[in-house]
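Trainee: Chain by chain, the residues run as shown.
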Amino acid sequence: MTQAAQLVRYDEAVSRYEPVIGLETHVELGTTSKMFCGCPTTFGLEPNSAVCPVCLGLPGSLPVTNKAAIEYTIRIGLALNCTIATWCRFARKNYFYPDMPKDFQISQYDEPLCTDGWIDVVVDGEDIRVGIERVHLEEDTGKSLHVGGATGRIHGAEYSLVDYNRAGIPLVEVVTKPVPGTGALAPVAARAYVTELRDLLRALSVSDVRMEEGSLRCDVNVSLAPHGAAAWGTRTETKNVNSLRSVERAVRFEIERQAAVLDASQKVVQETRHFHEDNGTTTPGRSKEEAQDYRYFPEPDLVPVAPEREWVDRIRASLPELPAARRVRLQAEWGLSELDLSQLSNGGALDLVSETVAAGASAADARKWWMGELARHANESGTDLAELPITPVQVARVSALVQAGTINDKLARQVLMAVLAGEGDPDAVVQARGLAVVSDDAALTEAVDAAIAANPDIAAKIRDGKTAAAGALVGAVMKETRGRADANRVRELILQRLA
Amino acid sequence: MAADAAGELTQLTAAEIAAAVAAGDVSAVEVTRAHLDRIAAVDPEVHAFLHVADAPALAAAEAVDRKRAAGDPLGPLAGVPLALKDVMTTNDMPTTCGSRILEGWRPPYDATVTRRLREAGVVILGKTNMDEFAMGSSTENSAYGPSHNPWDLSRIPGGSSGGSSAAVASYEAPLAIGTDTGGSIRQPAAVCGIVGMKPTYGGSSRYGLVAFASSLDTPGPLARTVLDAALLHEAMSGHDPCDSTSVDAPVPPVVAAARQADVAGLRVGVVTEFSGDGYQTGVQARFNEAVELLESLGAKVVEVSCPHFTYALPAYYLIAPSECSSNLARFDGMRYGLRVGDDGTRSADEVMSLTREAGFGAEVKRRIMLGTYALSSGYYDAYYGKAQQVRTLISQDFDAAFEQVDVLISPTTPTTAFPIGERADDPMAMYLADLCTIPSDLAGNAAISVPCGLAPEDGLPVGLQIMAPALADDRTYRVGAAVEAALQQRWGGPLLAQAKGLAQPRGGAR
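As you go down the protein sequences, you meet chains A and B in turn.
Just so you know, we're using the numbering used here here: the first sequence kicks off at 1 and counts up by one.
Just so you know, we're using the numbering used here here: the second sequence kicks off at 1 and counts up by one.
Okay, chain B solo, but in the shape it has when bound:
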């Protein structure tokens, strides 16, 4: 296939690729090659991938082509390439979680999400960069160097799923898997101008997701369109007996909702707590326009106060580090991954300490120490216990709000993508990037981020967050797709078409 035509393949949506493969207009191998070529061309600058799996990807694509040739039915995403966050285990690729401590570790098993994707004929191109153990909002905490925002390579692509958002925004893959603990899917999606969805907690399996904070971690889709995100959402989700916290209920009708794309008569609540100081002018402006747009589309918009959302950030920074301090204990150099100091003179305790000292980055250590402190005898009630009470209050705020409205909306992030390095030495400033996304993680409900324009002052994408009750994931798609359709009509095409640089489908390596 000609280079130009191959370039066109990377511009297709997942739905278009699947249709073309199913119709025999293009082979899965051709699609895969086109994306591998795009990765080879642009990833040296974007650095979205930690591992590119050319051979396994092509083998998976060949299997789809064989299946089609044999006349076997293909799933709705068969032959579509995907970038997998390096926090999900893969039995044929390394899994590092962006950490030195897992450098070179090859898991002996596939995560449930990985397995489901393979079974659906999705072609896994490789593993994407991330903040170490998903702790961060910029990928600057990756031990393997930051990823770059395709809109402006000097800026962060968000985090922790920044490799996944950068891969999708730079046309290296139409789909990616991220994980959301405090906003790690929605914030990178917002700052890269794409769609990112955090499903209801338990809606997608955590089995094989290397845990950061067990009660919060949720795998979810990133894509360039709402429909693509819904297709991936449906393919990856569903009850998993290997995950006790997995919801034993049918997957909400997200694809149908994305196709419905209509908000007439829907009640939409604007969270009053998420505006004002700290919100970038352009972000606020685009958000206000989105509110007006929803009204013009027939939604009934009201303001809703969720008073305890103000305490979400501090509560999160007690609960998540507490769980992480325990979850990350197993990285002790005894069984797998890095081992430091095993020279025959040192005790097991010393080797554990030296390994953890050398293997973990500063942010991971900071959170392990925070969490260890919060769980300590004598401090537990004041910190972890109190944070859990706040968590309950936040859930109650949501419950009360969802009695008045069908969905809640807010900006996804207070600002657009900031320059790499700007907040690296200021953890508090970094933590504020997740201000609006954390409540849905604490409450475990569904929330999506869809692009809603560019901030005039810096020309960078702004995300609109749509939150829905637990197990009502379809509502977020319904609203998201309606906003997407109306805005694309206004813009005359997708937001990414307005991008410069590598977020431009034709943008090549410089």
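So here's chain A without its partners, still in its complex pose:
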């Protein structure tokens, strides 16, 4: 059966159907060494340079569990309000693929380290509680590069290159319970959950969560059922959705696509699907019928993991302030409304503003720049705010330059754009572009006199006491100085000259 290729308009789709979403998120842990050997986890090394007999799966080699990875996973589990297993085992997930050195992955199956937790996510100003099914630990695979062929996948490639540096890096999988009831906000909720999880992981210092380096990857589950239906619909699992924006788009697309399938009285096929960054669509991968039998069984090369309760308690006691608690604190400290706060959180600006404040800016200024000029720029260029090539320290410096009167708001916007364009730090930009405000009276007086001479009618009005007319002369001076003049000082000077 071929699936209907057409889509239903989003608002129509959600008016007829209720979506249920679920997310499986893989996070590479930021441990110094790999999951089962001593090789470094550093990103971007020469291919196949961070490998050894163990992570290459050479015959005879054996894994030894990295205790730090267990600890990081327990941190995550505790922060997600999970139960930490007293005893659990790793399992082998068996399937053949060239980038998997042993042709099985050491993972966890029916005995995950953390189970049954939750996290609150703010969607449209309201808290939604997302249930956490499980958090388990596994090893990453190597990375394949398929050369030639149209799709970049192994089928049709001329040849493939495999880099095993990534093989064996500890990977945590966080699986949510199904999330019903988000309605039309399902795509936003999915994005908000991943954002919240990302912020949580960062706060826990267990991962640097660089989505562009693939250290956080999502599988997005979506099903639709008619409003009021007793049972949920058949779900699809869209694999490897690797940015916040893509998570939102993938959910949205699946809702539009599945609605069309259901409208045509067809059945949604339970299958994995591929997401396409370029056009935001998904296409079929493996269907359930072709699904692999992974033949899970307990990993006989490893002993069970049995975290002592005292250790778990110590980890619990050492947890840092978590994002939700911090939001409450910052809201009070910065005097924000609920709306301000949710805009900051949803825009991914909370950390950035916080760091900008830490670098010396006022909360109001930091918010103004990140949520104004920079948010607009991120939106236009389709990137996440945090991925803009500008640091909180640089924004704080721009703010300080405005405070000191060195530049004004208009110039500040130019400086920000120049920093984004790679022209260097704010001070360097101001200097190189000669953007500093001219507040030297001698230079300004010259420009003021020229403006008065060029506009005798306006000058006369001001002399007659109509000081509101001064604005026109200020504008002329600003134009003459290409915006670099201190407008307040110019106004004072004009009024002085024409008093």
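Rather than coming from a laboratory, the hints here were simulated on the basis of the structure.
Check before you lean on any hint, since a few could be wrong.
Counterexamples of contact, computed for chain B against chain A with all Cβ distances above 10 Å [said to hold, decoys possible]:
1. A15
2. R115
3. Y144
4. A211
5. H239
6. R259
7. L313
8. V340
9. G492
10. P505
With a straight-line Cα cutoff of 30 Å, these simulated DSBU-like cross-link-like pairs (lysine-lysine) come out [unchecked claim]:
11. A/K410 - A/K466
12. A/K466 - A/K479
13. A/K93 - B/K386
14. B/K365 - A/K93
Partial list, derived from the structure: chain A residues whose beta carbon lies under 8 Å from chain B [as the list claims (entries may be wrong)]:
15. G57
16. N94
17. F96
18. K102
19. M211
20. G214
21. R295
22. D301
23. P304
24. G360
Glycine included, every Cβ here is placed at the ideal spot set by N, Cα and C.
Since the structure of chain A is provided, determine the placement of chain B on it from the hints.
Mentor: Relative to the frame of chain A, chain B by itself:
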């Protein structure tokens, strides 16, 4: 050194060689040369070795001699030659596991056992033949042809460590390393008339042992005397942080136990399930004599029933193949070893299939398929899950038995060495060779096989198996050494002295 004297060197025990080297009566190089010469003379017929490492062996021997000359202390096995089963990785020799799929593979690292032997000054002569990936009881499953029993070259030397047992029984080496998953040390030792010991699981490191069944595989010693086996046991064992299943406990006092060699007051249990139909008359007769001997030496012998041992064989043939189906997945032609069909037109999947089709032998394929089936969704509980439950019951049988007795005994194998080819097409008959040895693998405890005479009907060696609780490896040596001493007194010398052919120290190439 004269040829005759060189011949005498190969007759010495490991303990005697180590003492002679330490005393300076003979150099390690002379000892090594004598054994390399013996290999050159008899191995064309025995075929114990897949690879003989003349140059590295002599270099290792020279290092021992230099150390001695410098006055540095030498370990208890320094300068003693050894044959290493080709399942242990070696960074200076190939490691094939008896398989085409690993032909020519040179590991970039030493197994922990290999490293410990080198550090102890043991001289590794080369790598011994084995059933492919240790799956078999005869070495007939080796891709490189079978090894031959030195007692009778038309018969199997046992397996899977048959190259190791044949090397020791033919005086090519006083010591060898084998690995035991279902009996692969004890059964070859028994049918070659030598000593073979399966240590407690986790007592010797698996790091660098190319896995067949991870929860069962155990490296251990083969030797011509119980004391030699104990010396090697001690040298190769101990906790290894590279093996998570390695036991973090002191090595049991096996050498002291082998020297103690006394069973007075010891409680010995005869496993009732391991007798009767299927046991060769001569095997049963020699075993019964051993029981009487133990009683005469002051042991208290009782019969002990271990009712679940009957299910050990079927449980083993679910657990071991299940683990093997996963362990052997990595041999896919992508990274090392054989690659077939990579002609630019085929997909990675096809190349994997063609490589495995060409690279694995029939028995390996059979077990991969058995294990794949047993682990499949919908069958897991009925097969792998049930087998694990049986495994627990077998452990409980042992626990109950060891509350009554200090050691359990049985024949090591139901029959003596069978002719090459006799069971090659009958896997079930082949599997029965491990009937008595499998329970100790499933329970992970210690078990040794020592020679207890010849079966009158065929004149071939019979092995006595002595089983002890986990980490009580020393008990098996204590009992084994007592039996050995009493029997050698009765025989007027070692059992091998009664051998014809190449198991005879003077037996040369024909």
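Trainee: List, from low to high, the hint numbers that the structure doesn't satisfy.
Mentor: As far as the earlier hints go, 4, 19, 20, 23 and 24 are violated by this structure, in ascending order.
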